[in-house]
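A.B. asks: In terms of our numbering, the sequence shown opens at residue 1 and continues consecutively.
Take the hints with a grain of salt, since some may be wrong.
[Said to hold, decoys possible] Below, in silico cross-link-like pairs of lysine-lysine (DSS-like), each with a Cα-Cα straight-line distance of 25 angstroms or less:
1. Lys464 to Lys176
2. Lys14 to Lys44
3. Lys764 to Lys741
4. Lys246 to Lys226
5. Lys723 to Lys741
6. Lys28 to Lys741
7. Lys420 to Lys814
8. Lys266 to Lys215
9. Lys647 to Lys741
10. Lys199 to Lys164
11. Lys215 to Lys461
12. Lys28 to Lys56
13. Lys215 to Lys226
14. Lys266 to Lys199
15. Lys647 to Lys584
16. Lys461 to Lys304
17. Lys817 to Lys739
18. Lys723 to Lys814
19. Lys246 to Lys215
20. Lys515 to Lys541
21. Lys739 to Lys647
22. Lys76 to Lys28
23. Lys764 to Lys804
24. Lys199 to Lys274
[Claimed, not checked] Quick list of simulated restraints, FRET-style, between CB atoms:
25. Ser418 to Arg214: 20 to 28 angstroms
26. Gln51 to Val153: 44 to 52 angstroms
27. Glu811 to Arg404: 57 to 65 angstroms
28. Gln236 to Glu568: 55 to 63 angstroms
29. Lys541 to Lys804: 48 to 56 angstroms
Worth flagging that the hints you see were computed from the coordinates, not collected in a lab. Computed from a predicted structure; not experimentally measured. Glycine included, each C-beta is placed from N, C-alpha and C at the ideal position.
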Amino acid sequence: MLDLQSADKYQHRKTRFVEVILPLSISKTYTYRVPKDLEDAVQKGKRVVVQFGRAKIYSAIVHHITEEAPRLYEAKYILDVLDDQPIVNENQIVLWQWIADYYLCHLGEVMQAALPAALKLASETKISATGREEIERSELNDKEFLVMDALDVAGELKVSDVTKLLGQKTVFPLIKRLLSLGFIRVSEELQERYKPRKKTFLKLNAVYDDPENRKALFEQLNRAPKQLDALLAYVQLARKGAEITKNDLQEASGCGDSAIRSLIDKEIFVAEEKVVSRLAEVDGEEDNFVLSEGQELALEQLRKSFGQKDVVLLHGVTASGKTQLYIRLIQEQLAKGNTVLYLLPEIALTAQIVQRLRKYFGHQVGVYHSRFNDNERAEVWQKVLNGEYSVILAARSGVFLPFRDLGLIIVDEEHENSYKQFDPAPRYHARDTAVYLGGLHRAKVLLGSATPAIESYYNAKSGKYGLVVLSERYGKAVLPEIEVVSIGDESKRKLLQGYFTSVLLQEIGQALERKEQVILFQNRRGYTPMLICQTCGYTPKCVNCDVSLTYHKSTGKLHCHYCGFREEPIQVCPACGSTHIENKGFGTERIEEELSMLMPDVRIARLDVDAARGKDSFERILNDFDEQRFQILVGTQMVAKGLDFGKVSVIGIINADSLINYPDFRAFERSFSLLSQVSGRAGRREQPGKVVVQAYAVHHRVLEQVKAHDYEGMFMTEIAERKHYAYPPFYRLIELNVKHKDQQQVFGCAARLASLLQQSIGAKRILGPEVPLVSRIRNYYLSTIIIKIERDGISIAKVKEALKQCLVVFEQDKANKGAYVQVDVDPY
Numbered sequence: 001m002l003d004l005q006s007a008d009k010y011q012h013r014k015t016r017f018v019e020v021i022l023p024l025s026i027s028k029t030y031t032y033r034v035p036k037d038l039e040d041a042v043q044k045g046k047r048v049v050v051q052f053g054r055a056k057i058y059s060a061i062v063h064h065i066t067e068e069a070p071r072l073y074e075a076k077y078i079l080d081v082l083d084d085q086p087i088v089n090e091n092q093i094v095l096w097q098w099i100a101d102y103y104l105c106h107l108g109e110v111m112q113a114a115l116p117a118a119l120k121l122a123s124e125t126k127i128s129a130t131g132r133e134e135i136e137r138s139e140l141n142d143k144e145f146l147v148m149d150a151l152d153v154a155g156e157l158k159v160s161d162v163t164k165l166l167g168q169k170t171v172f173p174l175i176k177r178l179l180s181l182g183f184i185r186v187s188e189e190l191q192e193r194y195k196p197r198k199k200t201f202l203k204l205n206a207v208y209d210d211p212e213n214r215k216a217l218f219e220q221l222n223r224a225p226k227q228l229d230a231l232l233a234y235v236q237l238a239r240k241g242a243e244i245t246k247n248d249l250q251e252a253s254g255c256g257d258s259a260i261r262s263l264i265d266k267e268i269f270v271a272e273e274k275v276v277s278r279l280a281e282v283d284g285e286e287d288n289f290v291l292s293e294g295q296e297l298a299l300e301q302l303r304k305s306f307g308q309k310d311v312v313l314l315h316g317v318t319a320s321g322k323t324q325l326y327i328r329l330i331q332e333q334l335a336k337g338n339t340v341l342y343l344l345p346e347i348a349l350t351a352q353i354v355q356r357l358r359k360y361f362g363h364q365v366g367v368y369h370s371r372f373n374d375n376e377r378a379e380v381w382q383k384v385l386n387g388e389y390s391v392i393l394a395a396r397s398g399v400f401l402p403f404r405d406l407g408l409i410i411v412d413e414e415h416e417n418s419y420k421q422f423d424p425a426p427r428y429h430a431r432d433t434a435v436y437l438g439g440l441h442r443a444k445v446l447l448g449s450a451t452p453a454i455e456s457y458y459n460a461k462s463g464k465y466g467l468v469v470l471s472e473r474y475g476k477a478v479l480p481e482i483e484v485v486s487i488g489d490e491s492k493r494k495l496l497q498g499y500f501t502s503v504l505l506q507e508i509g510q511a512l513e514r515k516e517q518v519i520l521f522q523n524r525r526g527y528t529p530m531l532i533c534q535t536c537g538y539t540p541k542c543v544n545c546d547v548s549l550t551y552h553k554s555t556g557k558l559h560c561h562y563c564g565f566r567e568e569p570i571q572v573c574p575a576c577g578s579t580h581i582e583n584k585g586f587g588t589e590r591i592e593e594e595l596s597m598l599m600p601d602v603r604i605a606r607l608d609v610d611a612a613r614g615k616d617s618f619e620r621i622l623n624d625f626d627e628q629r630f631q632i633l634v635g636t637q638m639v640a641k642g643l644d645f646g647k648v649s650v651i652g653i654i655n656a657d658s659l660i661n662y663p664d665f666r667a668f669e670r671s672f673s674l675l676s677q678v679s680g681r682a683g684r685r686e687q688p689g690k691v692v693v694q695a696y697a698v699h700h701r702v703l704e705q706v707k708a709h710d711y712e713g714m715f716m717t718e719i720a721e722r723k724h725y726a727y728p729p730f731y732r733l734i735e736l737n738v739k740h741k742d743q744q745q746v747f748g749c750a751a752r753l754a755s756l757l758q759q760s761i762g763a764k765r766i767l768g769p770e771v772p773l774v775s776r777i778r779n780y781y782l783s784t785i786i787i788k789i790e791r792d793g794i795s796i797a798k799v800k801e802a803l804k805q806c807l808v809v810f811e812q813d814k815a816n817k818g819a820y821v822q823v824d825v826d827p828y
């Protein structure tokens, strides 16, 4: 009777539907019907397999479960449920929705950015023969016959296989014809990208635990010396008590795979395949550092501030020991059973921080960044999901991890521009997202910097955030002396050697005599930014972008830093035929070369994007410099971030003018920050440091403020200008980039969009359209519109809603065909 009731209840249960997030740029979730046999498996946050469009299959995330069918279309069935437990939690879905709403992008775009690639499934179309022998193949042409022959042999083919087989790009018409004639069937097969890493572990067969049997075994293997060597190596390794992998045994014995395989086949070794972690694990060490009096006071103020505010800004000068305060706060959170997220601007650039935290917290520390491959990122995701990590060090994408019991978020170097994602959408800022994430989890958020962002310092000064100041360096180290040297004066007096003033060369020489190290900073990579014909002024430009090409001596080619285009350098001007080609400007490669000629016996290393392309190349360069295998390090802004070298006493900034004169309202703030951060690498121990800043505009106010270590002065002048000219933090900005492949069309499209916005939002709030500094990228012409919204006037939510409506109207207008608009909230 009970079974009949259960069956009756099951039969009359209402049909379930799920709203899913598809990894596509569509504005809404999409609803699917759930088959009866999958109803119990469906859960919010799990991945489900769905068909979208005519033939494409995707893995989607369940956003909402409902019993309401969609009104405007008939819901298709979901095809499968992929997960035993949700891989995305409730807080993550709320965060995704906030990012989509705040940064004006689609939920599917947030999903694409959030999930590791290995947890997103790829859809590949496959074809197979129907097996109906009665169909006559005589009506097929040669190419169709070739495909059918290949299917007879292989059983099934991917569309990409058919493309290779026929040697042509377009094969869909052929596949469509074979399908209509009934020769083939088409299926979509999802491929799971994430595969756990496995290793083969070896164990001696228990039979040979008996001494007599083991003695007989050694005698038996006398006739197979390689196998005997492997057995002897195993016995030696086994004494250490650790599990022995096949690779361990091969290395220890020097035997090849065949000898070990023979021992397994003879059942002397028992082989077992186990899932192992791809991630390096380090055991923690006790290292009870002592906080200085200033640090103790700051730590007490931080605790007090967190009692009153959820977000606190720690303004600590360079080398003041902020990391030690972070470690103390992490220890307190771990004692409560909480998880800590520690964000770094670029994880690859802060290897020293990773090593330092692992020293204290060992295997509790997980690292998550873009240098990891797909499987490593997926593995970290699963470990965070399962609560196996207590401290997660991550770059900006760390805000998307599936946290539970999150107690503290640390945003180190919070001023860094690297926290902002510029392309593709979502164009989010990890610092601001971390503040929202902290609110979701009721966690505290600590922003740390020696040169805080203007907005963060303003929020702290106005009482929105707490503020703690750490104004002295750790261990009584003094701030470096900064000397600004005029390039113009040195040039007139004929003291300039290459790109180096006499003052800088003298300081470098004295530092090397003292067995100390030097860092030279030039914020431009490559050899020379521009080649120019001296006769007619021709400059090689990128074929896809409106920029000149940069010459890289390491590759011997001209590079575009926007799209990656490369071409051979010119020897003869293609415009006038002149052979007088001159280099203009200089990058890190040229600085390294010039210095090598001036100081041939000095060991020099270079640190920029080109030199640190490999997964571990950055760490290798830093370790070599730290161990003093190199005396001088030449680099871009990479050398400014999170580095701590005890032997660096001299910093040289080759040309400060290029930073200050950049056309951007944040140029002075960023110049001060970057110059201060680079300067902060000097004199971090007992030896005082010296910074030589080379510039033409030696009396520029930013250089005066850097020289005086006057952040407060820089803040006051900048905040007054921002208020006067209506910029953040007093106004919010939204940047719209209209793109089109036709130069004339882009101006008309941008003008129509600006007109719509002026009518809807107000003409005073709309700037542009204007041609940006780089007017063409990847063959798309650009036109920029800026929306300025006052903070104490119209609601930002109303502006965003009006903007969405304007974009819909813009896209519906056929005159704008071929154009698309890129929206960036809080740009720069």
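A.B. asks: Against this structure, judge whether each hint is valid.
C.D. replies: Hint check:
| no. | hint | verdict |
| --- | --- | --- |
| 1 | Lys464 to Lys176 | 62 angstroms, violated |
| 2 | Lys14 to Lys44 | 18 angstroms, holds |
| 3 | Lys764 to Lys741 | 29 angstroms, violated |
| 4 | Lys246 to Lys226 | 15 angstroms, holds |
| 5 | Lys723 to Lys741 | 37 angstroms, violated |
| 6 | Lys28 to Lys741 | 28 angstroms, violated |
| 7 | Lys420 to Lys814 | 34 angstroms, violated |
| 8 | Lys266 to Lys215 | 16 angstroms, holds |
| 9 | Lys647 to Lys741 | 53 angstroms, violated |
| 10 | Lys199 to Lys164 | 35 angstroms, violated |
| 11 | Lys215 to Lys461 | 80 angstroms, violated |
| 12 | Lys28 to Lys56 | 18 angstroms, holds |
| 13 | Lys215 to Lys226 | 17 angstroms, holds |
| 14 | Lys266 to Lys199 | 20 angstroms, holds |
| 15 | Lys647 to Lys584 | 34 angstroms, violated |
| 16 | Lys461 to Lys304 | 17 angstroms, holds |
| 17 | Lys817 to Lys739 | 11 angstroms, holds |
| 18 | Lys723 to Lys814 | 40 angstroms, violated |
| 19 | Lys246 to Lys215 | 23 angstroms, holds |
| 20 | Lys515 to Lys541 | 44 angstroms, violated |
| 21 | Lys739 to Lys647 | 50 angstroms, violated |
| 22 | Lys76 to Lys28 | 16 angstroms, holds |
| 23 | Lys764 to Lys804 | 19 angstroms, holds |
| 24 | Lys199 to Lys274 | 6 angstroms, holds |
| 25 | Ser418 to Arg214: 20 to 28 angstroms | 59 angstroms, violated |
| 26 | Gln51 to Val153: 44 to 52 angstroms | 30 angstroms, violated |
| 27 | Glu811 to Arg404: 57 to 65 angstroms | 40 angstroms, violated |
| 28 | Gln236 to Glu568: 55 to 63 angstroms | 57 angstroms, holds |
| 29 | Lys541 to Lys804: 48 to 56 angstroms | 37 angstroms, violated |
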